[in-house]
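Asks: This is what each chain is made of:
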Amino acid sequence: MVIADIRIELKHGVTDPEGQNTLKALELLGFEGVRAVRTVKVFEIDLDAEGDGALQMCENMCRKLLANPVIQNYQIELK
Amino acid sequence: MKKVCILRIEGTNCEDETFAAFHKVGAEPERVHLKQLTGHAPLDLRRDLMDYDILALPGGFSAGDYIRAGAIFAARMKASLGTQLRDFVTQGRPVIGICNGFQILVELGLRPAFDEVMAPQPQVALYTNDSDRFECRPTLLRMDNRGSCVWTSGLGMGDVVMFPSAHAEGHLKFPAGEEDRFLERLDENDQIVFRYVDEDGQLAGYPWNPNGSPGNVAGICNPEGNVLGLMPHPERAMTRFNYPEWTRGRDGDDGDGLRLFRAVVGRN
Numbered sequence: 001m002v003i004a005d006i007r008i009e010l011k012h013g014v015t016d017p018e019g020q021n022t023l024k025a026l027e028l029l030g031f032e033g034v035r036a037v038r039t040v041k042v043f044e045i046d047l048d049a050e051g052d053g054a055l056q057m058c059e060n061m062c063r064k065l066l067a068n069p070v071i072q073n074y075q076i077e078l079k
Numbered sequence: 001m002k003k004v005c006i007l008r009i010e011g012t013n014c015e016d017e018t019f020a021a022f023h024k025v026g027a028e029p030e031r032v033h034l035k036q037l038t039g040h041a042p043l044d045l046r047r048d049l050m051d052y053d054i055l056a057l058p059g060g061f062s063a064g065d066y067i068r069a070g071a072i073f074a075a076r077m078k079a080s081l082g083t084q085l086r087d088f089v090t091q092g093r094p095v096i097g098i099c100n101g102f103q104i105l106v107e108l109g110l111r112p113a114f115d116e117v118m119a120p121q122p123q124v125a126l127y128t129n130d131s132d133r134f135e136c137r138p139t140l141l142r143m144d145n146r147g148s149c150v151w152t153s154g155l156g157m158g159d160v161v162m163f164p165s166a167h168a169e170g171h172l173k174f175p176a177g178e179e180d181r182f183l184e185r186l187d188e189n190d191q192i193v194f195r196y197v198d199e200d201g202q203l204a205g206y207p208w209n210p211n212g213s214p215g216n217v218a219g220i221c222n223p224e225g226n227v228l229g230l231m232p233h234p235e236r237a238m239t240r241f242n243y244p245e246w247t248r249g250r251d252g253d254d255g256d257g258l259r260l261f262r263a264v265v266g267r268n
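So the sequences go chain by chain: V and G. Residue numbering for the first sequence follows my numbering, starting at 1 and increasing by one per position. Residue numbering for the second sequence follows my numbering, starting at 1 and increasing by one per position.
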């Protein structure tokens with residue numbers, strides 16, 4: 001069994017209202033020097049598969065469901 | 001009588017208003033769970049999508065809107081019903097996606113569908129409102145379609161209607177750097193159906209445009225005009241009483257939504 005870490009990030013240039021709002025809140029709480037906040041989603045998936053097979057499966061999951069290529073990039077890491 | 005399939009899964013919550021809207025204009029609507037179309041239901045509950053004349057994807061929070069709004073409903077539909085759905089659309093049968101239904105159409109790759117009926121992957125996205133909030137209030141829309149869309153044949157170009165908006169993810173996103181090209185192409189193909197406007201019918205920013213969509217686009221159809229997706233809710237504007245000014249001189253008993261539903265139910 002492997003654990004796949006699938007990280008879904010917004011593409012460069014896509015505004016991140018949740019990140020911007022969090023940045024504002026952090027500033028209001030008095031944190032200084034916070035330059036940017038980005039929101040990222042991580043799916044941790046336990047898989048009964050190994051190596052290339054597991055990677056292929058995760059790629060498929062991203063294409064079919066987990067990422068919208070218009071606004072999101074994905075990274076897969078097998079552990 | 002036109003048979004309407006009002007398709008739902010867990011978390012859909014506007015099926016009753018959508019049912020009432022179609023019922024009011026004389027159609028024969030039925031609330032159908034996706035599992036009833038895919039054979040995962042007792043025999044007497046199974047249905048065939050192709051037995052219906054119209055398909056409606058109502059609003060709500062299908063599958064909790066997890067992953068992205070509409071993504072799970074779309075992935076499930078595509079996996080189990082993809083071919084039939086493509087046939088349904090290709091045959092020119094009317095399809096409407098309202099709010100969450102629009103998000104599902106986008107995730108299905110059925111919008112904007114420039115070169116193919118259903119793209120393998122989404123070509124645009126409906127993304128978090130610029131305000132990062134759920135925007136829920138009456139919105140004014142100008143009908144900008146030049147005649148391709150069957151759903152708006154009962155409206156005149158430039159008519160302004162009020163359909164309420166209620167969404168957190170309605171900002172129409174095009175691939176980075178291609179925003180202008182996409183907008184131009186939508187316009188060339190006569191795919192832009194509704195735009196958010198102010199009281200004078202002019203394009204205006206927030207709060208008139210609740211989500212920040214480029215070109216104030218609120219609803220688009222496919223080039224053939226039978227599939228309409230829009231964020232605001234026409235099924236919530238069926239009577240005078242759905243309007244905030246109903247005690248202050250609004251004439252007649254009809255809401256603007258009636259003209260939309262009548263247009264497809266009345267056509268042969």
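There may be inaccurate statements among the hints.
[Claimed, not checked] In silico lysine to any residue, SDA-like type, Cα no more than 20 Å apart, as pairs:
(1) Lys64(V) / Gln121(G)
(2) Lys35(G) / Leu65(V)
(3) Lys11(V) / Arg93(G)
(4) Lys35(G) / Asp65(G)
(5) Lys24(V) / Arg133(G)
(6) Lys64(V) / Lys3(G)
(7) Lys2(G) / Ala41(G)
(8) Lys11(V) / Gly64(G)
(9) Lys78(G) / Val70(V)
(10) Lys64(V) / Val42(V)
(11) Lys24(V) / Ser131(G)
(12) Lys3(G) / Arg133(G)
(13) Lys64(V) / Glu30(G)
Hints listed in this document are in silico derivations from the structure and should not be mistaken for laboratory results. Since we're looking at a predicted model, the values are computed, not measured.
Asks: Now tell me if each hint is right for this structure.
Replies: Consistency of the hints with the structure:
Simply put, Lys64(V) and Gln121(G) have alpha-carbon atoms about 7 Å apart, close enough for the 20 Å limit, and the pair holds. Between Lys35(G) and Leu65(V), the direct Cα distance comes to roughly 19 Å. Compliance with the 20 Å bound is thereby established for this hinted pair. For the suggested pair Lys11(V) and Arg93(G), the alpha carbons sit about 36 Å apart, so the restraint of at most 20 Å is broken. At roughly 18 Å between alpha-carbon atoms, Lys35(G) and Asp65(G) fall within 20 Å of each other, so this suggested pair holds.
Straight-line distance between C-alpha atoms of Lys24(V) and Arg133(G) comes to about 15 Å, which keeps the hinted pair within the 20 Å bound. With a C-alpha separation of about 31 Å, the suggested pair Lys64(V) and Lys3(G) falls outside the 20 Å cut-off, and the hint is violated. Note on Lys2(G) and Ala41(G): the hinted pairing is violated, with a Cα-Cα distance of about 24 Å set against a maximum of 20 Å. Note on Lys11(V) and Gly64(G): the hinted pairing is violated, with a Cα-Cα distance of about 24 Å set against a maximum of 20 Å.
At roughly 18 Å between alpha-carbon atoms, Lys78(G) and Val70(V) fall within 20 Å of each other, so this suggested pair holds. This hinted pair checks out: Lys64(V) and Val42(V) have alpha carbons roughly 16 Å apart, not beyond 20 Å. For the proposed pair Lys24(V) and Ser131(G), the alpha carbon gap of about 13 Å is at most 20 Å, so the pair holds. Taking the CA atoms of Lys3(G) and Arg133(G), the gap is about 36 Å. The hint is violated against a cut of 20 Å.
Proximity of Lys64(V) to Glu30(G) is assessed by CA-CA distance (about 29 Å); at most 20 Å being required, the pair is judged violated.
Figure legend: structure checked against the earlier numbered hints; hints not met, in rising order: 3, 6, 7, 8, 12, 13.
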